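Residue numbers (the working numbering), protein chains in the order written: chain A, 1 to 114; chain B, 1001 to 1110.
These are computed hints drawn from the structure, not numbers from a lab. Remember, it's a predicted structure, so these values are computed and weren't measured experimentally. Hints are not guaranteed to be accurate.
Here are the simulated lysine-lysine pairs, DSSO-like style, with alpha carbons at most 30 Å apart [as the list claims (entries may be wrong)]:
| no. | chain 1 | residue 1 | chain 2 | residue 2 |
| --- | --- | --- | --- | --- |
| 1 | A | Lys17 | A | Lys57 |
| 2 | B | Lys1097 | B | Lys1067 |
| 3 | B | Lys1056 | B | Lys1097 |
| 4 | A | Lys15 | B | Lys1042 |
| 5 | B | Lys1042 | A | Lys102 |
| 6 | B | Lys1107 | A | Lys15 |
| 7 | A | Lys57 | B | Lys1056 |
| 8 | A | Lys102 | A | Lys57 |
| 9 | A | Lys15 | B | Lys1056 |
| 10 | A | Lys102 | A | Lys11 |
| 11 | B | Lys1056 | A | Lys11 |
| 12 | A | Lys57 | B | Lys1107 |
| 13 | A | Lys17 | B | Lys1042 |
| 14 | A | Lys102 | B | Lys1067 |
| 15 | B | Lys1107 | B | Lys1056 |
| 16 | B | Lys1067 | B | Lys1107 |
| 17 | A | Lys17 | B | Lys1067 |
| 18 | B | Lys1056 | B | Lys1067 |
| 19 | A | Lys15 | A | Lys57 |
| 20 | B | Lys1042 | B | Lys1056 |
| 21 | B | Lys1097 | B | Lys1042 |
| 22 | A | Lys11 | B | Lys1067 |
| 23 | B | Lys1107 | B | Lys1042 |
| 24 | A | Lys17 | B | Lys1056 |
| 25 | A | Lys57 | A | Lys11 |
Which residues of chain A face chain B? A partial, calculated answer using Cβ under 8 Å [unchecked claim]:
| no. | residue |
| --- | --- |
| 26 | Ser9 |
| 27 | Gly28 |
| 28 | His29 |
| 29 | Ala31 |
| 30 | Gln41 |
| 31 | Leu43 |
| 32 | Tyr48 |
| 33 | Ala54 |
| 34 | Lys57 |
| 35 | Leu60 |
| 36 | Pro61 |
| 37 | Asp63 |
| 38 | Phe65 |
| 39 | Leu91 |
| 40 | Ser107 |
Beta carbons: idealized from backbone N, C-alpha and C, even for Gly.
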Amino acid sequence: GAGVSQSPSNKVTEKGKDVELRCDPISGHTALYWYRQSLGQGLEFLIYFQGNSAPDKSGLPSDRFSAERTGGSVSTLTIQRTQQEDSAVYLCASSWGQGNEKLFFGSGTQLSVL
Amino acid sequence: QKEVEQNSGPLSVPEGAIASLNCTYSDRGSQSFFWYRQYSGKSPELIMSIYSNGDKEDGRFTAQLNKASQYVSLLIRDSQPSDSATYLCAGQSGTYKYIFGTGTRLKVLA
């Protein structure tokens, strides 16, 4: 695709429910990142995928959060048993995976947990 | 997690003035630094990258890096109201991880 695509753009859920957020990176990009941005805050690193290597999960805030990347392309971020503090914009970014490079961001998923 | 710190602002400057945005980082191993601009409700977009000590200029933007002081800055000359946004500083930690600061909100007053 022309850019990084994320879906849904908005998600409202009830506390305790599971949610899945999807990211479709730019074709050919081997690196894929998930960040979380709470209202008025910066970007909090969650997880990073590079090609077929094991992902860097060091930013995941709890074991309720998990992510996978199938076939080196589309990624899904899953949040189980959502809590109100999970409410934020979840941003996905991709890059060529060569380091020292520009990240291309998707438009994000606004998650609201009631 | 290594930190990148920024003053949250808002930084208010009159139109036509120079806006100076600052960032410090704690990971001495960081080699590359980036400035992203984020308009309200939008995603970040890259405006400058800098890898070596010194200055790097691109149009009205100048990035400055001082690795000894672990300090990065962004100067915006002839500031315009359209420059009003949040500016995020990011450092590359390790091979591929990019750590972002909390951002500085800039307001350019017409």
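Tested hints:
Between the alpha carbons of lysine 17(A) and lysine 57(A) the distance comes to roughly 22 Å, so the proposed pair stays at or under 30 Å and holds. Distance hint between lysine 1097(B) and lysine 1067(B) is fulfilled; the C-alpha atoms sit about 18 Å from each other, no more than 30 Å. As the CA atoms of lysine 1056(B) and lysine 1097(B) are separated by approximately 23 Å, the hinted pair is consistent with the 30 Å bound. Annotation: proposed proximity of lysine 15(A) to lysine 1042(B) holds, straight-line Cα distance about 26 Å (limit 30 Å).
Using a Cα cut-off of 30 Å, the hinted pair lysine 1042(B) and lysine 102(A) holds, with the two alpha carbons roughly 17 Å apart. Under the criterion of a C-alpha separation no larger than 30 Å, the hint pairing lysine 1107(B) with lysine 15(A) is inconsistent with the structure, at around 37 Å. The straight-line distance between the Cα atoms of lysine 57(A) and lysine 1056(B) is roughly 33 Å, outside the 30 Å bound, and the hint therefore fails. Straight-line distance between C-alpha atoms of lysine 102(A) and lysine 57(A) comes to about 21 Å, which keeps the hinted pair within the 30 Å bound.
For a cut-off of 30 Å, the pair hint linking lysine 15(A) to lysine 1056(B) is broken: about 48 Å separates their Cα positions. As the CA atoms of lysine 102(A) and lysine 11(A) are separated by approximately 28 Å, the hinted pair is consistent with the 30 Å bound. For the hint linking lysine 1056(B) to lysine 11(A), the alpha-carbon distance of about 41 Å lies beyond 30 Å, and the restraint is violated. Distance hint between lysine 57(A) and lysine 1107(B) is unfulfilled; the C-alpha atoms sit about 36 Å from each other, more than 30 Å.
Distance restraint check for lysine 17(A) and lysine 1042(B): the Cα-Cα separation of roughly 27 Å lies within the 30 Å cut-off, and the hinted pair is therefore satisfied. The straight-line distance between the Cα atoms of lysine 102(A) and lysine 1067(B) is roughly 21 Å, inside the 30 Å bound, and the hint therefore holds. Between lysine 1107(B) and lysine 1056(B) the alpha-carbon distance is near 23 Å, which keeps this suggested pair within the 30 Å criterion. Proximity of lysine 1067(B) to lysine 1107(B) is assessed by CA-CA distance (about 28 Å); at most 30 Å being required, the pair is judged to hold.
Among the hinted pairs, lysine 17(A) with lysine 1067(B) is inconsistent with the structure: their alpha-carbon atoms are about 46 Å apart, more than 30 Å. A threshold of 30 Å between alpha carbons decides the hint, and for lysine 1056(B) with lysine 1067(B) the separation of about 14 Å falls inside it, so the pair holds. Taking the CA atoms of lysine 15(A) and lysine 57(A), the gap is near 24 Å; set against the 30 Å cutoff, the hint holds. Taking the CA atoms of lysine 1042(B) and lysine 1056(B), the gap is about 26 Å. The hint holds against a cut of 30 Å.
Note on lysine 1097(B) and lysine 1042(B): the hinted pairing holds, with a Cα-Cα distance of about 22 Å set against a maximum of 30 Å. A C-alpha spacing of about 42 Å is found between lysine 11(A) and lysine 1067(B), which places the hinted pair above 30 Å, so the restraint is violated. A distance of roughly 16 Å separates the Cα atoms of lysine 1107(B) and lysine 1042(B); the hinted pair therefore holds under the 30 Å criterion. For the hint pairing lysine 17(A) with lysine 1056(B), the CA-to-CA distance comes to about 48 Å; that exceeds 30 Å, so the pair is violated.
Of the pairs offered as hints, the one joining lysine 57(A) and lysine 11(A) holds, with about 23 Å between alpha carbons and a cut-off of 30 Å not exceeded. Because the smallest distance between the Cβ of serine 9(A) and any Cβ of chain B comes to about 11 Å, over 8 Å, the interface hint for this residue is violated. Hint status for glycine 28(A) relative to chain B: violated, with the closest Cβ pair at about 16 Å, above 8 Å. The interface hint given for histidine 29(A) is violated, since its Cβ lies 12 Å from the closest Cβ of chain B, which is over the 8 Å cut-off.
With a cut of 8 Å, the hint placing alanine 31(A) at the interface with chain B holds, because the nearest CB-to-CB distance is about 6 Å. Nearest Cβ of chain B to the Cβ of glutamine 41(A): about 6 Å, under the 8 Å cut. The hint holds. With its C-beta approaching chain B no nearer than about 4 Å, leucine 43(A) sits inside the 8 Å limit, and its interface hint holds. For tyrosine 48(A), the suggested interface contact is upheld, since its CB lies about 6 Å from the closest CB of chain B, less than 8 Å.
Violation of the interface hint for alanine 54(A) is found here, the shortest Cβ-Cβ separation to chain B being roughly 13 Å, above the 8 Å cut-off. For lysine 57(A), the suggested interface contact is broken, since its CB lies about 11 Å from the closest CB of chain B, more than 8 Å. Annotation: leucine 60(A) was flagged as interfacial toward chain B, and the flag is violated, the nearest CB pair being 12 Å apart, outside 8 Å. Nearest Cβ of chain B to the Cβ of proline 61(A): about 11 Å, over the 8 Å cut. The hint is violated.
At a threshold of 8 Å, the smallest CB-CB gap from aspartate 63(A) to chain B is about 17 Å, leaving the interface hint violated. With a cut of 8 Å, the hint placing phenylalanine 65(A) at the interface with chain B is violated, because the nearest CB-to-CB distance is about 15 Å. Taken as an interface hint, leucine 91(A) checks out: its beta carbon lies about 6 Å from the nearest beta carbon of chain B, inside 8 Å. With its C-beta approaching chain B no nearer than about 6 Å, serine 107(A) sits inside the 8 Å limit, and its interface hint holds.
Of the hints listed earlier, those the structure fails to meet are numbers 6, 7, 9, 11, 12, 17, 22, 24, 26, 27, 28, 33, 34, 35, 36, 37, 38, in rising order.
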